[in-house]
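With the hints as constraints, model all of the structure from the sequences given.
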Amino acid sequence: MSENSLLRTANLSKNFGSVSVLKSINLDIAPNESLGLIGDNGAGKSTLVKILAGVYLPTGGEIFLNGSPVRFKSPIDARAAGIEIIYQDLALCNDLDAASNIFLGRESMKRIGIGRWLDRKQMMDEARVALAELGADIEPDQLVGSMSGGQRQLVSVARALQFSPRLLLMDEPTAALSSTKITLLLDLVKNLKKKNVAVIFISHRFTDLLSVCDRIIAMRDGCISAEIKPSESKTSEIMERLQFALSGEEK
Amino acid sequence: MQNRSLAFIKLAQPILTPSNTLIKILKRNLGSTGLGLLVVLITQIILFSLLSPYFLTANNFANIGRAVTIVGIASVGATIVMIAGGFDLSVGSIMAASGMLAAFVVNQGQSTLVGLVAALSLGSLIGILNGFVIAYFRINPLIATLATLSIVRGVAYIISDGGAIVISEKTFLNIGIDDYFGIPLTVWICVSLFLSMGFLMPRTRLGRYVYAIGSNSRAARLAGIRVSRWILLFYVISGATAALAGFITVSRTGTGEPSANIGAELDIITAVILGGTVLTGGRGKLIGTFLALAVLAILSNGLILVGVPSYWQLPVKGCVLMGAIIWGEIRRTSRDTL
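These protein sequence lines are chains A and B, in that order. The first sequence begins at 13 in my numbering and counts up one residue at a time. The second sequence begins at 54 in my numbering and counts up one residue at a time.
Keep in mind that a hint or two might mislead.
Derived DSS-like pairs: lysine-lysine, alpha-carbon spacing no greater than 25 angstroms straight-line [unchecked claim]: (1) A/K133 - B/K80; (2) A/K207 - A/K62; (3) A/K122 - A/K85; (4) B/K370 - A/K133; (5) A/K35 - A/K207; (6) A/K193 - A/K206.
Reference listing, derived: stretches of chain A covered by chain B, where coverage requires no fewer than 3 residues with Cβ under 8 angstroms from a Cβ of chain B [said to hold, decoys possible]: (7) 76-89; (8) 97-104.
A few chain A residues that face chain B, going by a derived Cβ cut-off under 7 angstroms, partial list only [claimed, not checked]: (9) D107; (10) L108; (11) L116; (12) G117; (13) W129; (14) L130.
I should point out that these hints are in silico values taken from the structure, not numbers from a laboratory. The C-beta atom is built at its ideal place from N, Cα and C for all residues, glycine as well.
Structure, rendered in structure tokens:
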């Protein structure tokens with residue numbers, strides 16, 4: 013599956029001042045693969061996905077998208093390349109409605125007379141369809157600030173999927189959800205695979221990763237410490253290997 | 054008994070429903086703060102009409118209008134800045150400085166239009182300065198505009214050496230005096246400014262980003278919005294509307310003076326806050342500011358007509374502002390805990 017990679021990083025590194033947060037990360041992900049990232053706080057998972065999302069510039073190394081080198085100077089560049097991210101805190105505007113959040117920064121416009129105007133009806137209609145597809149019981153004109161945590165999560169998922177991404181980055185998407193909502197979200201990730209969307213999924217929860225990921229990468233101190241394919245080994249074995257990879261004890 | 058009350062409800066339905074839908078429509082367009090202000094406004098008008106025979110006259114309302122438009126025009130830009138989570142204390146100084154520039158330019162033999170353009174340019178320029186410092190150096194807007202408040206007024210004093218510039222140009226002076234259809238020209242200008250911005254806000258990127266940036270500027274930036282550039286633009290709009298207000302001040306008083314509009318920023322901020330704009334940004338409406346201006350203007354006019362000594366105006370205004378902030382805070386916390 014990973015013969016032709018969608019995205020590949022070569023020796024990607026990131027320093028914040030004198031602190032080296034990522035050290036020479038070599039990662040690749042296939043077009044419809046779901047990749048899990050696991051690691052302790054400070055292992056560099058969030059930094060890695062933020063670089064891929066264009067939030068941070070890498071200190072060193074390169075990113076290749078479909079084989080050609082890319083450089084994301086801002087989240088706009090990454091989005092234009094088809095990479096979407098769902099932030100841990102969702103990054104929604106509470107005072108805007110669901111539709112406005114879904115289209116934030118990418119509003120549909122129409123030209124009438126002089127100037128360009130927001131195409132509010134178009135956005136409302138598309139947002140309604142997008143939310144319904146996710147099985148969300150949310151009206152597009154509902155204020156995000158009045159929603160529950162699960163509903164807010166779905167709005168941010170709808171936003172990430174609205175512009176047909178090729179790669180979806182999810183930073184701890186299950187952290188704020190109840191267990192029933194987690195099941196729904198995991199199903200959603202499984203469905204994305206069918207739509208040929210690659211996913212990088214950060215979580216501390218082994219069970220989440222085991223249920224949706226084709227491959228799990230463990231990170232420690234800014235390095236990849238293990239790579240595991242759940243389909244190729246028994247769960248108990250995987251758990252054992254992950255424990256080692258995360259705690260740093262040698263086998 | 055039950056049947057009878059059911060029948061009563063059925064009978065009353067056609068009478069009750071339209072008023073319910075009216076309230077719904079009003080609430081949707083004004084917000085609950087706006088609706089409250091409308092009720093206050095109507096109550097005030099009824100009360101002062103009963104207490105003073107001079108209140109409900111066309112002449113008095115023209116006076117109220119003239120008095121409020123200067124602060125009103127500047128409030129348009131201030132509302133936008135404050136919904137976006139910013140603050141502009143420099144508006145009073147911008148009004149004085151741009152008014153003086155307009156007076157100076159017109160006295161040099163230029164047309165009133167050139168004077169207006171000069172005033173608007175100066176206001177926008179100071180807006181750029183404010184916006185640049187706030188957006189790109191991440192300086193707290195209160196501090197940044199407090200600095201420009203002093204700088205701009207100080208420079209106005211230095212250049213004029215404290216003196217006033219008296220204008221005699223008829224066109225310029227007429228702007229502050231003319232009536233159309235019994236309504237002062239300045240009121241037309243103020244109302245059309247509110248209407249056009251009120252029309253643009255829900256229909257343009259500008260309007261949407263005002264709310265987005267005020268609500269969560271980090272989320273806006275992550276969504277690919279060039280937040281700093283937009284913030285710069287909001288302060289330019291504030292500077293420009295303040296400049297227009299300064300221009301109109303000169304046309305009304307006939308002089309451009311460095312001490313004009315001192316403290317105007319406080320009236321403006323009072324109106325914006327009373328109108329329902331939240332200090333932390335993200336929420337507010339131009340129509341709210343407009344209604345708040347009307348409430349405040351009628352309050353001070355009515356108090357004078359009823360014979361309340363003028364010294365009472367300031368504490369009354371202060372109490373209204375305090376009440377508005379407390380009310381807003383209660384609503385905010387009750388909504389957030391829901």
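Hint-by-hint comparison with the structure:
The suggested pairing of A/K133 with B/K80 holds, with an alpha-carbon distance near 21 angstroms, which does not exceed 25 angstroms. The straight-line distance between the Cα atoms of A/K207 and A/K62 is roughly 24 angstroms, inside the 25 angstroms bound, and the hint therefore holds. The suggested pairing of A/K122 with A/K85 is violated, with an alpha-carbon distance near 29 angstroms, which exceeds 25 angstroms. Straight-line distance between C-alpha atoms of B/K370 and A/K133 comes to about 42 angstroms, which puts the hinted pair past the 25 angstroms bound.
A threshold of 25 angstroms between alpha carbons decides the hint, and for A/K35 with A/K207 the separation of about 33 angstroms lies outside it, so the pair is violated. Proximity of A/K193 to A/K206 is assessed by CA-CA distance (about 21 angstroms); at most 25 angstroms being required, the pair is judged to hold. With a cut-off of 8 angstroms between beta carbons, the region 76-89 of chain A has 3 residues touching chain B; three or more are needed, and the interface restraint holds. Residues of the region 97-104 of chain A lying with their CB closer than 8 angstroms to a CB of chain B number 3, which satisfies the three-residue condition for coverage.
The interface hint given for A/D107 is met, as the beta carbon of that residue sits about 4 angstroms from the closest beta carbon of chain B, less than 7 angstroms. Taking 7 angstroms as the C-beta contact cut-off toward chain B, the hint placing A/L108 at the interface holds, the least distance being around 6 angstroms. Interface restraint check for A/L116: the shortest CB-CB distance to chain B comes to about 4 angstroms, inside 7 angstroms, so the restraint holds. The criterion of a C-beta within 7 angstroms of any C-beta in chain B is met by A/G117, whose closest approach is roughly 4 angstroms, and the hint holds.
Because the smallest distance between the Cβ of A/W129 and any Cβ of chain B comes to about 5 angstroms, under 7 angstroms, the interface hint for this residue holds. A least Cβ separation of about 6 angstroms between A/L130 and chain B falls short of the 7 angstroms threshold, and the interface hint therefore holds.
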